[in-house]
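Student: Residues per chain are reported as follows:
Number of protein chains: 2
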Amino acid sequence: MGDNGHLHAMEDDEAATAEQSRAVRIYPLGNYYFGSKEPLLFKNETLADRLHRMKSNYAANGLRTCVEAVLLVELFKHPHLLLLQIRNSIFKLPGGRLRPNESDIDGLKRKLSRKLSANGTSDASDWEVGECLGMWWRPDFETLLYPYLSSNVKGAKECTKLFLVKLPESRKFIVPKNLKLIAVPLCQLHENQKTYGPVISGVPQLLSKFSFNIIEA
Amino acid sequence: MGDNGHLHAMEDDEAATAEQSRAVRIYPLGNYYFGSKEPLLFKNETLADRLHRMKSNYAANGLRTCVEAVLLVELFKHPHLLLLQIRNSIFKLPGGRLRPNESDIDGLKRKLSRKLSANGTSDASDWEVGECLGMWWRPDFETLLYPYLSSNVKGAKECTKLFLVKLPESRKFIVPKNLKLIAVPLCQLHENQKTYGPVISGVPQLLSKFSFNIIEA
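First to last, the protein sequences are chains R and W. Sequential numbering of the first sequence, starting at 1, is according to the numbering used here. Sequential numbering of the second sequence, starting at 1, is according to the numbering used here.
If you're looking for bench data, these hints aren't it; they were derived computationally from the structure. Where hints are given, some of them may not hold.
Computed spacing ranges between beta-carbons, pair by pair [to be verified]:
| # | chain 1 | residue 1 | chain 2 | residue 2 | range |
| --- | --- | --- | --- | --- | --- |
| 1 | R | Glu142 | W | Asp49 | 32 to 40 Å |
| 2 | W | Glu169 | R | Ile182 | 42 to 50 Å |
| 3 | R | Leu63 | W | Met54 | 41 to 49 Å |
With the C-beta cut set under 7 Å, the calculated list includes, among others, these residues of chain W facing chain R [what the hints assert, rightly or not]:
| # | residue |
| --- | --- |
| 4 | Cys132 |
| 5 | Gly134 |
| 6 | Phe141 |
| 7 | Leu145 |
| 8 | Lys157 |
| 9 | Ala183 |
| 10 | Leu186 |
| 11 | Gly202 |
| 12 | Pro204 |
| 13 | Gln205 |
| 14 | Ser208 |
For clarity, every value in this text was computed on a predicted model and none was experimentally measured. Virtual Cβ for every residue (Gly too), placed ideally from N, Cα, C.
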């Protein structure tokens, strides 16, 4: 019994530590300031152009890696996910594609500053990148994303990694004029693949292991 | 630059550690032995009976907590999830309900031994319970499970926690005769809510942050 008791005590400590690390503080939407800056230039390309670009990039650099941020705020006592909306239709997590040899964390900070910070004012310490929540794979250029690698696929063409990014109590978001930053409740995302696609609609599941400490304004 | 360089080095170390902890070894299905034991007795109750039982249990003990195991094996170079099938229809993750005041880990080990080990031979060290992958909540007795708690719900009635359980290189599974233990590829579970329900069909997403080290037989 002595050994067993000791084992249990250790497990309880570990469980308590794990419990703490799974608690995420979120702050009211009203704590944040939202401004705008000049529009981002998007590639105005056809699907065929895009496919061609992806193929030649793959030939040159191999697997394309995208990093995306899960940023949360509180509204009506429910966690809301920050999404960028393009042309009143497509929803995207803030993030983008890594440069060759760029680390996940450096790349994500660069992309977040480009899309969410005032130009020239941002530095890497603006963003606290936390753990990787999930990865999605595109086995071929023309296929959808899957949350696993199939065994019959030689090399995946694209990998999208989602990271939890912890927001400070307050900050400014300065967003390009042709993008809209919106806050969507988790309950609206869940099982709403039609509107948000498989990756974003799956975020509530990826977050389900966390408890949210909602800090009152 | 010195401080910055130091910061980057620390992040790289952390990233490397995180990367290692996200690698999961899985072994071929053929490494495991499957046997059977006497059937488990199930409560043969109507939906109304079940509802009544859940309500009186909630009144007595509060939130009902279930713990379930994500157990993986390799087959055809693809990770497969072990599921229990009841009456050739319902699929379940191995696990069950905690006793009052029982810890998640103790309860899960007890349930796994009851459903997957020979009677009397099992001890807690049989099962290596890893991290919590996700939690699902039942806001009311008659509703579905959701991967978040709604703000307009006073107290949830049930919480189901999924844990990654790491299998050893080899072991025996001794399963009650009225249950079937089956291995289902992740690619068959994903987006197959109709067959497997929301919790099991979401497991591939919850596992997507891991890389699998498939150990050849």
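Student: Tell me, which hint numbers fail for this structure?
Tutor: 1, 6, 7, 8 and 9
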